[in-house]
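Asks: I would like the entire structure built from these sequences, with the hints used as guidance.
Here are the chains, one letter per residue:
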Amino acid sequence: MIDTATAPNVLVVDDELQIRRFLRSGFEFDGYSVSEAENGREAIRAATLRPTDLIILDLALPDLDGSQVLERIRSWSSVPIIILSVKSSEAEKVRLFELGADDYVTKPFGMAELLARSKVVLRRKTRAMTGDSVIRIDRLKIDLAARNVFVDEERLTLTPKEYRLLQVLAQHPGNVLTHQELLKEIWGLPHINDTHYLRIVVRKLRQKIEADPNRPRILLTELGVGYRLAPPNEPADSKAH
Amino acid sequence: MRSAATPGGAGGVLAGLGLVAAVTLILEVVKTFIELPPIAITYLIPVLIAAIRWGYLSAMVTTIAGGFCSAFFFYKPTHTIFVEDPARRLSLMIFAIVAVVAAHLAVRMRRESEVVLKREKEINDLYAFSRRLAAGHSTSEIFDAIQRHLSTVVGRRVALFEPRRPAEGKPEPIGESDVPQNVRAEVTAVLAGHATAGMPIADHQGNLWLVRAVSRKAPDLGVIAIDLGRQTPESEEEIRARIEAVLHDAASTLEQLGLAHAITEVRMRAESERFRDALIGSVSHELRTPLSSILGAATVLRNAPAVAGDPRLVALANVVHDESERLNNEIQNLLDATRISGEALHPKLEWAEVADVVNTALERRRGPGAAHAIDVDLPAKMPLVQVDAVLIEKALGQILANAVKYSPPGSRIKIRGWQEGGVFALSVSDQGAGLSPEDTAHLGERFFRGRRHVSSTPGSGLGFWIANAFVAANGGTIEADSSGEDKGTTVTIRLPIPANAEQLESISSD
Numbered sequence: 002m003i004d005t006a007t008a009p010n011v012l013v014v015d016d017e018l019q020i021r022r023f024l025r026s027g028f029e030f031d032g033y034s035v036s037e038a039e040n041g042r043e044a045i046r047a048a049t050l051r052p053t054d055l056i057i058l059d060l061a062l063p064d065l066d067g068s069q070v071l072e073r074i075r076s077w078s079s080v081p082i083i084i085l086s087v088k089s090s091e092a093e094k095v096r097l098f099e100l101g102a103d104d105y106v107t108k109p110f111g112m113a114e115l116l117a118r119s120k121v122v123l124r125r126k127t128r129a130m131t132g133d134s135v136i137r138i139d140r141l142k143i144d145l146a147a148r149n150v151f152v153d154e155e156r157l158t159l160t161p162k163e164y165r166l167l168q169v170l171a172q173h174p175g176n177v178l179t180h181q182e183l184l185k186e187i188w189g190l191p192h193i194n195d196t197h198y199l200r201i202v203v204r205k206l207r208q209k210i211e212a213d214p215n216r217p218r219i220l221l222t223e224l225g226v227g228y229r230l231a232p233p234n235e236p237a238d239s240k241a242h
Numbered sequence: 166m167r168s169a170a171t172p173g174g175a176g177g178v179l180a181g182l183g184l185v186a187a188v189t190l191i192l193e194v195v196k197t198f199i200e201l202p203p204i205a206i207t208y209l210i211p212v213l214i215a216a217i218r219w220g221y222l223s224a225m226v227t228t229i230a231g232g233f234c235s236a237f238f239f240y241k242p243t244h245t246i247f248v249e250d251p252a253r254r255l256s257l258m259i260f261a262i263v264a265v266v267a268a269h270l271a272v273r274m275r276r277e278s279e280v281v282l283k284r285e286k287e288i289n290d291l292y293a294f295s296r297r298l299a300a301g302h303s304t305s306e307i308f309d310a311i312q313r314h315l316s317t318v319v320g321r322r323v324a325l326f327e328p329r330r331p332a333e334g335k336p337e338p339i340g341e342s343d344v345p346q347n348v349r350a351e352v353t354a355v356l357a358g359h360a361t362a363g364m365p366i367a368d369h370q371g372n373l374w375l376v377r378a379v380s381r382k383a384p385d386l387g388v389i390a391i392d393l394g395r396q397t398p399e400s401e402e403e404i405r406a407r408i409e410a411v412l413h414d415a416a417s418t419l420e421q422l423g424l425a426h427a428i429t430e431v432r433m434r435a436e437s438e439r440f441r442d443a444l445i446g447s448v449s450h451e452l453r454t455p456l457s458s459i460l461g462a463a464t465v466l467r468n469a470p471a472v473a474g475d476p477r478l479v480a481l482a483n484v485v486h487d488e489s490e491r492l493n494n495e496i497q498n499l500l501d502a503t504r505i506s507g508e509a510l511h512p513k514l515e516w517a518e519v520a521d522v523v524n525t526a527l528e529r530r531r532g533p534g535a536a537h538a539i540d541v542d543l544p545a546k547m548p549l550v551q552v553d554a555v556l557i558e559k560a561l562g563q564i565l566a567n568a569v570k571y572s573p574p575g576s577r578i579k580i581r582g583w584q585e586g587g588v589f590a591l592s593v594s595d596q597g598a599g600l601s602p603e604d605t606a607h608l609g610e611r612f613f614r615g616r617r618h619v620s621s622t623p624g625s626g627l628g629f630w631i632a633n634a635f636v637a638a639n640g641g642t643i644e645a646d647s648s649g650e651d652k653g654t655t656v657t658i659r660l661p662i663p664a665n666a667e668q669l670e671s672i673s674s675d
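Residue numbers (the working numbering), protein chains in the order written: chain A, 2 to 242; chain B, 166 to 675.
It should be emphasised that the hints constitute simulated quantities derived from the structure, not laboratory data.
Distance windows between CB atoms, simulated:
1) B:H413 <-> A:D64: 53 to 59 Å
2) B:N483 <-> A:A212: 30 to 36 Å
3) B:A480 <-> A:D144: 47 to 53 Å
4) A:T127 <-> B:N483: 29 to 35 Å
5) B:D540 <-> A:P161: 34 to 40 Å
6) B:F613 <-> A:R75: 48 to 54 Å
7) B:G649 <-> A:L65: 55 to 61 Å
Calculated pairs, BS3-like style, for lysine-lysine (alpha carbon to alpha carbon, straight line, at most 25 Å):
8) B:K546 <-> A:K205
9) B:K546 <-> A:K162
10) A:K209 <-> B:K546
11) B:K513 <-> A:K185
A virtual CB, placed ideally from N, CA and C, is assigned to each residue, including glycine.
Replies: Next up, the structure:
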């Protein structure tokens, strides 16, 4: 269940009535308040009219392409948006992440998975509002203000590129950053296709922060798309799940 | 074709006369030291040189000049062309006959060797052309090969225009891209089948362009524009006739090769590929949309308060969920299989971490594999491989799914990785049904299913075939081993490690 005082508003955008129906039930059982839109224009209007905390956006809409809707909404709002699509090409995912999607779920999917992902993007929004500069993931603690990184409270020595990678990812915890975005942020535009730079630095960073670098729990791979950090620990970690 | 070695008739004649003069001078010098035998025969040297290098006319003039010089400078009385000694007169006549015959033979020999050289060049050109054709899969590759061939045989700047349907926009030149506007207009007219005057067109720089359909019989071969350069009206006439002749030969070669047919075939193939893609897209959408509703609704249902309290209802909701999941996997397999048989696999090769591939495959198979203990044993230090990680993950996923399907719940599945020379090997071992020797032999076939499992275990028999195709597309191999029935199976994927993988380790993270 969501622990905010008022129920978060989720806007479900899909032209299929049956999909909207089960999404409504699923979200309502979990304590959300749900509104629906069945095409792109309606979605954009609904997002401007009602306070919305989260948008679930299907890509195949009858009037506008889902990515157009995403772009339009992003032009004025940073509301978390999770994309639904039957296509699962990695190139498509990369494009949508770069347009500002917060997450991407391939149809068919289970409600539990969508709820888990919704929770992550909603929490990120709360964090952005509180402006907390310390992020804890598993045994890792990143202090963005002091530029320090700890594992089990022991300070790590990171190279500049390793720190930069962690910093960029930590600024969007739980969010996938594409290979190109990371390469551009860390090495600059000329190296945007040098994926091997990224692989090597990820490998070195994992050796420092992961208990088992071959089974990472913190710095996670989205195969063919990019990397993301695992969701941060809950403020009171013990009662999670 | 006249040889490039012929610097026109007049040049050859002058060169021949020059040689005669040189020989005469040398003989004059030599004469002051020794008494010379009959001289005329010496002039055979310039005659033969002239015949070989400059042709018949030059050889004849050289013969006459040589005879004249012998009589005038060396045979008594000197400085007249009269020859006193009958034996010398005879030797002069013999010289003339021998010179004419030898010149004739030399000229013929030269022509023959020229023909041989030219044929050799033509054969080489044709061979290069056919190699490019054989390598061409798309129409643009075929037209590219035709353009190169034509520009070789014509020996000038050549632009080829592929015939297009109106929807495809204006024709774009292949090869020479710098084609002036008025020439393009003519090309468009010829492509559209309009009759044109067929005269060369001058561009703004005064260069003449010849525009022709490559073949009248096969309009699919396109239209060619040839840059003739600056020409006077007379030379233009000659060069045009020559190019028309060459073009005619080339066109009949192209017609014989059945190129027009090949082009149509390639077009149809592209068309059917588009159709197939559209079909795949629509099938995947049409089947998956209702499936998404069913699967999603089942997951909501089993957690709904009214259902979650009753184990029997939860079990029913799980049936709906698991079976839709299975249906979804089968649809995915069919889509993958269509991609493979349509050769629509274009692996996107990138440096990848093997551990990432393994972890993703495990993550995706989390649900149904829960009944098996999966051990992973990867070396701490692994090379990067250059593969399409998504395809390799799908292949590994198929193999894991098979291991789960054909081994009893609760048994162990082991994933192991190791480096052997220039190859990284990744194996999945189970303790399940194993393979009979007969099974192993048929494993790579599409839709093959072990006879023992056809009735007991559901499946389409596509999994291993898909895995095999995905790994092969990445330059790897896949192999299944079993000590026999019920003795478990080990499937090993081997991926090449690029030679420079080691160097990557030195990339700085500072």
